Amino acid sequence: MLRTGETGKREATHSPWNFVVFSIGGRRLAVKTLEVAGISPWKPSIPVGSRTPFITSVVRQDQAILPVFDLASFLRLHVQGNHPLCLRIKHPLGDMVMCIDEEMPVLHTLDPAAIQAYRGKDISAEGSYANGLDEIPILALSQLGSCMK
Amino acid sequence: MWVVAENDHESADMSIQEQGISVPSASSSARFLIVTISGRYLALDTGSVEGVLTITELESDEDPAIQGVIDRTVSLVMQLGGSDVSTHPTTRVVMLADREMRGSIRVNEVHGILEIQQSQILPLPPQFSGVERDWYRGMILFEKSIAMILNPTWVLQMHAGSDAVQERETPRSSVDTWAIGVSNGRTC
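Chains as they are written, first to last, in our numbering: chain A, 84 to 232; chain B, 26 to 213.
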């Protein structure tokens, strides 16, 4: 876990953190590489009329049926591009997918010392890092589930 | 019997058979009537399906019991979203029964009966935590999509509060009777 002291700096370790950085509505977000199950072209989702906030449809990937977490709506953004991508993430309750911008996600390695507490309130994050003037949140995927309820 | 697919047989149309997940067992099979409402595949356990008729057939039937079922036509639009099923003479109505409750739903299309193994019924992902857990009994891989298995109890309970239970004979003895009369080239 990240330290949330005044310095906002995580205690240094020697193991770098690996992230996948993607964007939704042009906003950049990060998830830990170990929590990414795959990236593929987005296929139209199948609505199920769910009342669970932000989880109202599923997608089929081969023999699996995966719930869709509508992160774009959660952040009040719109996915950009004519060919959005499907980010499959690992979640404690089972894999989920999210529709993300067509901009290809990139791998990013960061020294733990560069990770700080996320100051935003809009989404659960394990921390963040600075990219120029931007603060890129590192999503706490397990907590995404708890905020759906 | 009109069956669009069985696990024991190859079918070019049905990707459901690609699963190969379970060992076929006759004792654990389940049969579903696959319909479309607002472009979505829905599966109805044939045990809860009393028959399928067109609007024209329903209107020409003088059986008061059938008229009662028509009066209890449930619209799933509010729950499932999409647009309501338009009413044309050829629109099909699926008559449902669950315990002592009876009612019907209009559907856009009837695809046929799918027989699968119980083990091929997939649970609703646990991330779905709302009332929808009462709406569905699971999911089925169907063609290149999925069919949500409707809970007939939930469907019919939408009318249970306002309608008296009407005891009567079923309008058709079984869905099999209806199936014989339907042909859209998908019979196998």
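The set of hints was computed from the structure by calculation and includes no laboratory data. Just so you know, these numbers come straight off a predicted model, no measurement behind them. It is possible that some hints are incorrect.
What the hints assert, rightly or not - Calculated Cβ distances over 10 Å to all of chain A for the following chain B residues:
(1) S54
(2) A55
(3) V99
(4) M126
(5) S144
(6) Q152
(7) S170
Unchecked claim - Sample of chain A residues facing chain B (criterion: CB under 10 Å; computed from the structure):
(8) S98
(9) T116
(10) L117
(11) V119
(12) G132
(13) R134
(14) P136
(15) I138
(16) T139
(17) A147
(18) I148
(19) H161
(20) K173
(21) L176
(22) D178
Said to hold, decoys possible - In silico DSSO-like pairs for lysine-lysine, Cα to Cα no more than 30 Å straight-line:
(23) A:K204 / B:K169
(24) A:K126 / A:K115
(25) A:K126 / B:K169
Even glycine gets a Cβ: it sits at the ideal position worked out from N, Cα and C.
Original post:
Holds or violated: is there a CB of chain B closer than 10 Å to the CB of D178 of chain A?
Top reply: 9 Å, holds
Original post:
Is K204 of chain A close enough to K169 of chain B, meaning Cα to Cα at most 30 Å?
Top reply: Not OK: K204 of chain A and K169 of chain B at ~40 Å, beyond 30 Å, violated.
**OP:** Double-check A147 of chain A for me: the hint is only fine if its C-beta lies closer than 10 Å to a C-beta in chain B.
**Re:** This interface hint holds because 9 Å falls under the 10 Å limit.
Original post:
In terms of Cβ atoms, is chain A entirely out of 10 Å range of V99 of chain B?
Top reply: 14 Å, holds
Original post:
With a cut-off of 10 Å, does the beta carbon of H161 of chain A approach a beta carbon of chain B closely enough for the hint to hold?
Top reply: Status violated, d = 20 Å.
**OP:** With a cut-off of 10 Å on the beta carbons, see whether R134 of chain A makes it to chain B.
**Re:** 4 Å, holds
Original post:
Taken at face value, is the distance from the CA of K115 of chain A to the CA of K126 of chain A at most 30 Å?
Top reply: 24 Å, holds
**OP:** Test the statement that S144 of chain B is away from the interface with chain A: the closest C-beta pair must be farther apart than 10 Å.
**Re:** Holds, since 13 Å exceeds 10 Å.
**OP:** Against chain B, run the beta carbon of V119 of chain A and see if the smallest gap drops under 10 Å.
**Re:** 17 Å, violated
Subject >> chain B contact restraint for K173 of chain A - C-beta distance below 10 Å >> reply: 13 Å, violated
**OP:** Let me know if the C-beta of T139 of chain A comes in closer than 10 Å to any C-beta of chain B, holds or violated.
**Re:** This hint holds: T139 of chain A lies near chain B, its Cβ roughly 8 Å from the closest one there, short of 10 Å.
Subject >> Restraint check, 10 Å cut-off on beta carbons, for S98 of chain A near chain B >> reply: 30 Å, violated
Of the numbered hints listed earlier, those contradicted by the structure are 6, 7, 8, 9, 10, 11, 19, 20, 23.
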